[in-house]
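Q: Sequence:
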Amino acid sequence: MDNLVTLSEAEVGRAREQVEQIVRASGTTFYWAMRLLPGEKRRAMFAVYAFCRIVDDIADDPNPLDVKKRELARWRDEIRALYSGRPKDPVAIALAEPVAHFGLAEADFQAVIDGMETDAAETLRLATRDE
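In numbering that gives the first Met the number 0, the protein residues as written are 0 to 130.
Hints in this document: simulated from the structure, not taken from any laboratory.
Fair warning: there could be bad hints in the mix.
Stated by the list, open to error - What follows is a list of derived Cβ distance ranges for each label pair:
1. 128 with 24: 39 to 47 Å
2. 129 with 24: 40 to 48 Å
3. 12 with 127: 29 to 37 Å
4. 128 with 40: 18 to 26 Å
5. 102 with 129: 39 to 47 Å
6. 31 with 101: 29 to 37 Å
Here the structure is a predicted model, which is why all the values come from computation and not from measurement.
Yeah, the Cβ is synthetic: ideal placement off N, Cα and C, and Gly gets one too.
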């Protein structure tokens, strides 16, 4: 994350507002619980939750599997862009500061997407005991 491009305060502010709105609109108590955290941790949790909410919504959407895979692949690319210092999506922009400050690993975000790809599958094949 040392190669993160400089983002304007306005751009970061808009991104923070958007992720907070995503968390608030989720209809869970997470929003109210996260509001109890100190500012920097709260902003980090809002951004991480918004990312998870978005990719989970993609997986749960009734769209065909190829559409879901394409949307999840876009998020894979966005996470790579974030770690290359070029986030474009407001949620990825909101993640930039917590990723840098808390040392969040790219592999963890990619693993979340892996899980959503499994969720998105129309059929799920589980290994047998013999496998």
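Q: Could you check the hint for me, namely that residue 128 and residue 24 are 39 to 47 Å apart, CB to CB?
A: 43 Å, holds
Q: Confirm or reject the claim that residue 128 and residue 40 have a C-beta distance inside 18 to 26 Å.
A: With a Cβ separation near 43 Å, residue 128 and residue 40 fall outside 18 to 26 Å, so the hint is violated.
Q: Range hint 40 to 48 Å: satisfied by the CB atoms of residue 129 and residue 24?
A: The hinted range 40 to 48 Å holds for residue 129 and residue 24, with Cβ atoms some 46 Å apart.
Q: With respect to the beta-carbon atoms only, verify the hint that residue 12 and residue 127 lie 29 to 37 Å apart.
A: Violated, since residue 12 and residue 127 (Cβ atoms, about 52 Å apart) do not stay within the stated range.
Q: How does the Cβ-Cβ distance of residue 31 and residue 101 compare with 29 to 37 Å: does it lie in that range?
A: 22 Å, violated
Q: With respect to the beta-carbon atoms only, verify the hint that residue 102 and residue 129 lie 39 to 47 Å apart.
A: Taking Cβ atoms as reference, residue 102 and residue 129 lie about 41 Å apart, which means the hint holds.
The structure shown violates the earlier hints numbered 3, 4, 6.
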